[in-house]
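So the sequence lines, in the order shown, correspond to chains V and Z.
Each residue of the first sequence is one higher than the last, beginning at 23 in my numbering.
Each residue of the second sequence is one higher than the last, beginning at 23 in my numbering.
Hint data in this document are derived by calculation from the structure and do not stem from the laboratory.
Glycine residues also receive a C-beta, built at the ideal position from the N, C-alpha and C atoms.
Treat the hints loosely; a few may be bogus.
As the list claims (entries may be wrong) - Computed footprint of chain V on chain Z, listed as stretches where at least three residues anywhere in the stretch have a Cβ under 8 angstroms from a Cβ of chain V:
1) 25-37
2) 44-56
3) 102-115
To be verified - Over the 10 angstroms line for every Cβ pair with chain V, so calculated as not near, a few chain Z residues:
4) 123
5) 141
6) 142
7) 182
8) 193
9) 200
10) 206
11) 210
12) 221
As the list claims (entries may be wrong) - Here are the in silico distance ranges between beta carbons for each label pair:
13) V:170 <-> Z:198: 39 to 45 angstroms
14) Z:65 <-> V:203: 50 to 56 angstroms
15) V:72 <-> Z:76: 19 to 25 angstroms
There are 2 protein chains.
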Amino acid sequence: MNIPSKHLEDLVEHFSSLPGIGKKTALRLVLNILKRKDEDVNSFSKALGEIKTRICSCKTCGNISDAEVCSICSQHSRNQSIICVVEDIRDIMAIENTDQFFGVYHVLGGVISPMEGIGPNDLNIPSLLDRVNQGGVVEVILALNASMEGDTTNFYLYRKLAETNITITTLSRGVSVGAELHYTDELTLGRSIVNRTLFDMAPVKR
Amino acid sequence: MNIPSKHLEDLVEHFSSLPGIGKKTALRLVLNILKRKDEDVNSFSKALGEIKTRICSCKTCGNISDAEVCSICSQHSRNQSIICVVEDIRDIMAIENTDQFFGVYHVLGGVISPMEGIGPNDLNIPSLLDRVNQGGVVEVILALNASMEGDTTNFYLYRKLAETNITITTLSRGVSVGAELHYTDELTLGRSIVNRTLFDMAPVKR
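So here's chain V without its partners, still in its complex pose (with noise of 0.2 angstroms):
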C-alpha cells in the first residue's frame, strides 16, 4: 500500500499490529479518526496512553481492577472458600453474566504451553498455590478451555492440588441448552451420554 503521509502509515502501522486487524482495516480506521472532533481524538488518545498505568491486578485473584483488590474479591456477600480458576478476564465476565456463580476466581493469565515457552511459572499458577496452602478453601473449580494447553493446565494444577484435601472440579461438557442432538459433534455428544445426570426438572436456575 503507497500511503501518501509518513504520520499517517505510523498510525495505520499501530492499528495494523493488533489482532485481526489488517492493514486495509487499519486504513479504514484511521481515515475514520481523521474525520472526528479534535476532543474525541485527544480523548481516545489519553485513554490509551493511561491504560497501562491505570489499570493494576487485583493482588488476590489477577483480575484486572481500579484498585489493589477486585470488585468481585472484595465483595464479603461472595463464598471465598470456592475459587473458579479461568485463563482471562473475559471468562470472568463470561460466567459473571450467567449469574449462576458466587464463589471467587483466580486469573491464570494463560495456559501451560510448552510450544511458546509457556510454564508453570509465567502465569498466577504459584500464587493460587499459595492461596490454597493458607487454608479455607473448599473447592477449585478448573474452568480452562478444552484445547490441548488448557487440558495440559488442568492435569498440572490437579497434580499439584490433590496433595492437599480439597475438592477438585471442573465445567460439565455436555451438549449446549437448545442445540439440537443431530448438529452435535461426536465427542460433545459422548461425553454427554457418558457423563449423564439425574432427571431435574429445574436443572438451571435463570
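Given the coordinates of chain V, assemble chain Z onto it according to the supplied hints.
Structure of chain Z alone, referenced to chain V:
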C-alpha cells in the same frame, strides 16, 4: 458486559466507536494492548494524539499529505492537465497501485447524498471547479463508485463541467479481468456488451 475496571471500560468504549468494531472485539484489542510494553503503548497513543495536527490536506487536490502540496501534485513528471476525480484517498491508492494513470487527482471527500444532508458545498467540488476554471485542464475523469450517490455526483459534476469545453470521461465498466462470464451480474455484462471495445491484443499494460 460487566467490565471490572472503569479505565478499561473507557478505552473499550473508544475502540468500539470505530467502524466495524463491536464491544467484544474492542475488549480483545484492549487486552492485547495491556500485554504490550509501555513504550509501544506510549508510541501508539502519541501517534494517535498527533494525527489530527500532523496531517494536512494537499491544498491543490485534497489528498492527505505531510506537506502543503502532496507528493503526487508536486511531481513534475505527472500530467497536470488530466484530473481524476475520486471520492476518497483510498481510491487514489487503488489507482496508483495499477501504475496506469499519470495525471493528477482531486479528492471530493465524499459524494452528494441528500439523504445524509451532504450537498455539493460540503464537498471539495467548488475547489475542483476553481481548478478547472483556472485553465490548463484538458480532461476530467469521473472515477466515483457506481452507487446512487456516486451517479448523482457524476451527473452534478457533468452539468457543471459541460459549460467548459474539456473532455469528461468516466471509468469503463465491464466484466472483471479473469472473471467468468456466467458468474457476472446482468447489469455489468449488459454494460460490457453495449460498451464493447475494439479487439486489442494487449489492452492492459502490465
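Hint check results:
no.: 1; hint: 25-37; verdict: holds (count 9)
no.: 2; hint: 44-56; verdict: holds (count 9)
no.: 3; hint: 102-115; verdict: holds (count 5)
no.: 4; hint: 123; verdict: holds (13 angstroms)
no.: 5; hint: 141; verdict: holds (17 angstroms)
no.: 6; hint: 142; verdict: holds (19 angstroms)
no.: 7; hint: 182; verdict: holds (25 angstroms)
no.: 8; hint: 193; verdict: holds (19 angstroms)
no.: 9; hint: 200; verdict: holds (21 angstroms)
no.: 10; hint: 206; verdict: holds (24 angstroms)
no.: 11; hint: 210; verdict: holds (23 angstroms)
no.: 12; hint: 221; verdict: holds (33 angstroms)
no.: 13; hint: V:170 <-> Z:198: 39 to 45 angstroms; verdict: holds (43 angstroms)
no.: 14; hint: Z:65 <-> V:203: 50 to 56 angstroms; verdict: holds (52 angstroms)
no.: 15; hint: V:72 <-> Z:76: 19 to 25 angstroms; verdict: holds (21 angstroms)
The structure agrees with every numbered hint stated previously.
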